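**Q** Model the full structure from these sequences, guided by the hints.
As numbered in the numbering used here, residues 2 to 300 make up the sequence shown, in order.
None of these hints come from the bench; they were simulated from the model. Fair warning: this is a prediction, and the values are worked out from it, not measured in the lab. Mixed in with the good hints there might be a few duds.
Said to hold, decoys possible - Straight-line Cα separation of at most 27 Å, DSSO-like style, residue types lysine-lysine; simulated pairs:
no.	residue 1	residue 2
1	59	118
2	130	59
3	189	160
4	208	160
5	137	177
6	208	130
7	245	208
8	113	137
9	118	137
10	130	160
11	208	137
12	257	284
Unchecked claim - Restraint ranges, calculated between C-beta atoms of paired labels, are given here:
no.	residue 1	residue 2	range
13	277	243	48 to 56 Å
14	138	186	22 to 30 Å
15	264	37	48 to 56 Å
All residues carry an ideal CB built from backbone N, CA and C; glycine is no exception.
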Amino acid sequence: MSIVSYAQNFEDVMLWRALGNITNGFYVDIGANDPIIDSVTNLFYQNGWSGINVEPLKSHYNALIESRNRDINLNLAVSDRIEELNIWESEIRGWATLDEKVAEQHELNGFKGEWSKTSTKTLSYIFEKHLSSDNKEIHFLKIDVEGVEEAVVRSNDWKRYRPWILVIESTAPNSKMESHEQWDDILKNNDYIFLYFDGLNRFYVSKEHEDLAVHFQTPPNIFDEFISSAEENYRKMTISLNEKIIALNSEVEGYKRAIDGLNDRIYTANNRLNEVYSSNSWKMTMPIRKVSSFFKKES
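**A** See the structure below:
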């Protein structure tokens with residue numbers, strides 16, 4: 002059975018390959034953005050998983066609240082300090098950042114944005130507050146925070162909270178230039194093993210779940226049996242259009258039957274009228290009708 006990939010770079014396909022056999026798994030999405038478009042977690046949510054979504058922009062947070070009622074949705078940002086920070090929001094979805102240099106570069110490139118305030122928490126704080134006491138297992142953690150990945154990585158107690166798999170955006174915003182050197186050693190020093198770079202993200206696995214590394218030897222391919230969300234939307238649109246065409250054809254057939262019925266009635270009426278015109282009584286009363294018609298004209 003095919004799965005539907007919603008992530009922009011098929012990150013969810015790679016994660017599903019390793020974790021798809023887990024029932025009711027748990028994820029944490031830092032920089033969740035839209036609950037569907039380019040979402041790394043939507044595939045898992047659609048298959049019974051739940052988790053924590055952290056999203057500082059109110060519009061995306063409201064969409065998460067509406068779409069993800071099993072999830073814990075937090076309207077804040079993650080940093081290595083608990084405070085209020087300035088966040089830059091652009092008209093380009095997914096470009097919001099706490100990094101002033103990143104925002105400045107976007108504006109130099111001609112993209113306008115606005116600054117506002119957002120509260121920030123650390124990963125450790127979020128895990129402490131929102132992980133249930135009977136389940137502290139995090140099957141994967143995704144981080145996409147437009148240039149402040151290092152602060153997010155530093156904000157966790159990696160000895161205490163150990164997601165099985167990490168997927169972290171590891172190129173400078175809107176660039177192919179890799180940026181993982183800022184936080185790569187932190188993870189390696191905490192027994193996380195680098196698995197795979199997909200051109201945008203780096204994947205890591207905790208030492209205790211090293212057996213999952215086998216799933217990251219190849220990129221997404223035909224054997225993963227997936228289609229993109231764009232293909233799925235096209236399929237649904239095609240089905241919907243076909244259903245409308247069938248309904249319209251049925252309606253047209255109904256009109257055709259109604260027209261055929263009217264034609265039958267007209268044919269029958271014409272036959273009856275012809276019978277009247279050819280009858281002896283009609284012929285015999287013709288002079289009377291002519292006289293009557295004459296007096297009607299005179300009057």
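**Q** Which numbered conditions among the earlier hints are violated in the structure presented, ordered from lowest to highest?
**A** 5, 7, 8, 9 and 12
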